[in-house]
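The working numbering applies: residue 33 is where the sequence shown begins, and numbers increase by one.
Calculated from the structure, these hints are not laboratory results. Just so it is clear, CB atoms sit at the ideal spot from N, CA and C, and this is done for glycine as well. Be aware that one or more of the hints could be misleading.
Unchecked claim - Each pair of labels, with its calculated beta carbon distance range:
no. : residue 1 : residue 2 : range
1   : 112       : 89        : 11 to 21 Å
2   : 159       : 126       : 12 to 22 Å
3   : 66        : 162       : 34 to 44 Å
4   : 108       : 145       : 21 to 31 Å
5   : 148       : 63        : 29 to 39 Å
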Amino acid sequence: MVNVLFVCLGNICRSPTAEGVFKALVQREGLSDHITVDSAGVGDWHIGSPPDSRAQAAARQRGIDLSKQRARQAVAHDFERFDYVIAMDSQNYGDLTRMCPKGGDDRLFKFLAFAPQLGINDVPDPYYGGDSGFDGVFDMIEAASAGLLDDIRANHL
């Protein structure tokens, strides 16, 4: 079993979207028995909250339901539970690096490293922007999800 954790700041926009998109891709590819997917935030502000309504709307327009997800905070133990701990941006990556136990850094990745064709390093946080920011983030997440699945297939399946 390959375990994947997506991490953003508060676990209400980018990481739950990534969880939903990647989970749908895994199901579509018939790999649900081989890959598990979760998400978390580095902060504790939204623990127990559902994803942002704009993230849910953008996902719903593409056939993905995020409504059952609830925010949780990332913890050091996640580096033992997950094969991939995936940060949405450089700030999240830095926060995760500081909480990572010795020997766990080989599990830490930046999400857009799996989509080098995009030419950017960070998935921007759409929280303070308009609805269109969520659509742009969704496109980035779809591209990186395809690359991540390719990496998992090449290295674990």
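Each hint, compared with the structure:
no.	hint	in the structure
1	112 to 89: 11 to 21 Å	violated, 35 Å
2	159 to 126: 12 to 22 Å	holds, 19 Å
3	66 to 162: 34 to 44 Å	holds, 38 Å
4	108 to 145: 21 to 31 Å	holds, 22 Å
5	148 to 63: 29 to 39 Å	violated, 23 Å
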